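Each chain is listed here by its residues.
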Amino acid sequence: MRILYFAWLRQKIGVAEEEVAPPPEIRDVAGLREWLATRSAGHAAAFADAKQIRAAVNQDFATPDHPVAAGDEIAFFPPVTGG
Amino acid sequence: MRILYFAWLRQKIGVAEEEVAPPPEIRDVAGLREWLATRSAGHAAAFADAKQIRAAVNQDFATPDHPVAAGDEIAFFPPVTGG
Amino acid sequence: MARIQVQEALFDMAAESAALTAGRVDVGGVASFLGVCRGDDGLAAMVLEHYPGMTERALGRIAAEAEARWPLTGCTVIHRVGRILPGEPIVLVLTASAHRAAALESCAFLIDWLKTKAPFWKREEFADGDARWVAAKHEDDAAALRWSAKPE
Amino acid sequence: MARIQVQEALFDMAAESAALTAGRVDVGGVASFLGVCRGDDGLAAMVLEHYPGMTERALGRIAAEAEARWPLTGCTVIHRVGRILPGEPIVLVLTASAHRAAALESCAFLIDWLKTKAPFWKREEFADGDARWVAAKHEDDAAALRWSAKPE
Chain A
1206 MRILYFAWLR QKIGVAEEEV APPPEIRDVA GLREWLATRS AGHAAAFADA
1256 KQIRAAVNQD FATPDHPVAA GDEIAFFPPV TGG
Chain B
1206 MRILYFAWLR QKIGVAEEEV APPPEIRDVA GLREWLATRS AGHAAAFADA
1256 KQIRAAVNQD FATPDHPVAA GDEIAFFPPV TGG
Chain C
102 MARIQVQEAL FDMAAESAAL TAGRVDVGGV ASFLGVCRGD DGLAAMVLEH
152 YPGMTERALG RIAAEAEARW PLTGCTVIHR VGRILPGEPI VLVLTASAHR
202 AAALESCAFL IDWLKTKAPF WKREEFADGD ARWVAAKHED DAAALRWSAK
252 PE
Chain D
102 MARIQVQEAL FDMAAESAAL TAGRVDVGGV ASFLGVCRGD DGLAAMVLEH
152 YPGMTERALG RIAAEAEARW PLTGCTVIHR VGRILPGEPI VLVLTASAHR
202 AAALESCAFL IDWLKTKAPF WKREEFADGD ARWVAAKHED DAAALRWSAK
252 PE
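Chains as they are written, first to last, in this note's numbering: chain A, 1206 to 1288; chain B, 1206 to 1288; chain C, 102 to 253; chain D, 102 to 253.
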């Protein structure tokens, strides 16, 4: 499972992407986010306020209950600010 | 009093402008329009349908009851179609 | 103060847009509308007549109304007259503001009002030699009326 | 099919607009919105980050939604990324249609949706060395929500 981070999540975590293999009980975006938060102090800081975090699964915006599976590309980022 | 005609009014009347001196009882745009209509067959044809005619007095749109006076520049034309 | 131009010549949209942002850093958005001559029904050319003097005055008033209703940093209206071929531009409206909503709304307002409140008349010339004056559209009056109340 | 570009380079607004009318006579209006970097509070530069791959996909979907809602003859969205200076353009949206209302409304729709549905993030860098990520605006969400129902 490929995880991408953007904007201040990337800065707090210190990497733009990482390969992870979460345990099988991690089945959705919210579960993955909570599991990732335990990986380092940087991860914990980045994921501290879930309300400020959006996600995409395979390059489509995804809600917290969206399923995740091995092979997916999953991105976490703040609310978008383009335009 | 300087009278200007535009678009199909100009074509029907055959001139783009003329100097006129209407009698003193002609006091507003509607009266002037009716008086001008008597000047020639072309004028009569141009002014036949009052609903299709708009006017300006001294380069501002004017309603039929707008006063007119010697020295004014008065224009008659169809509804505008710019843009 | 808006820039108002009535001219036969083509205009340079990019230069007009750039002029609204040149040398300043308070512009957040520039909205524009370019009206183009369609070639419906075998149209060969559109001939635009106007009322010199009143046209500039009317366009200036419409632009001043936009500037009173929205916080604009700049506003440009260029309307061509004379003979215009299908595919050629007829009118350009540009509005600049710190915020996009003001630019977008005032641009729509300007083109709607211009269609019903500026003394231009279009004559269509067709390939077969026919010609006719374009009739005013009820939908244009309706579009202009949308703006009769002040925006929220 | 809309033209979607994500690039660091500046773009040529007049060429993009001309491309929507070139060789055709069915376009009656081209609406555009140019988003420009403001220099508020001593801003030195805006740095735009995006999600390569998803960005183009998201912009393509937003443009397809506009094309489904309005009868457009063309649609172009160009969004810059990287370092952008005050006064420089950030984004260009162009829509072309036979009728002006479709062009104007779809242009406003595209910029509103783009602000809330495309993966871009802005970081502001200030002259004094400070830097901060721009927070999403509630007013942008409200603007995007305006379009959640189909237009009449």
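If you're looking for bench data, these hints aren't it; they were derived computationally from the structure. Only a predicted model underlies this, so the values are computations on that prediction, with no experimental measurement involved. It is possible that part of the hints are untrue.
To be verified - Computed, partial: chain D to chain C, Cβ under 8 Å:
{"#": "1", "residue": "136"}
{"#": "2", "residue": "205"}
{"#": "3", "residue": "225"}
{"#": "4", "residue": "249"}
Built from N, CA and C at the ideal position, the CB exists for glycine as well.
Checked hints:
With a cut of 8 Å, the hint placing residue 136 of chain D at the interface with chain C holds, because the nearest CB-to-CB distance is about 5 Å. At its closest, the beta carbon of residue 205 of chain D sits 5 Å from a beta carbon of chain C; the interface hint therefore holds under the 8 Å criterion. At its closest, the beta carbon of residue 225 of chain D sits 13 Å from a beta carbon of chain C; the interface hint therefore is violated under the 8 Å criterion. The beta carbon of residue 249 of chain D comes no nearer than 17 Å to any beta carbon in chain C, farther than 8 Å, and the hint placing it at the interface is violated.
In summary, the structure is inconsistent with hints 3, 4 from the numbered list given earlier, while agreeing with the others.
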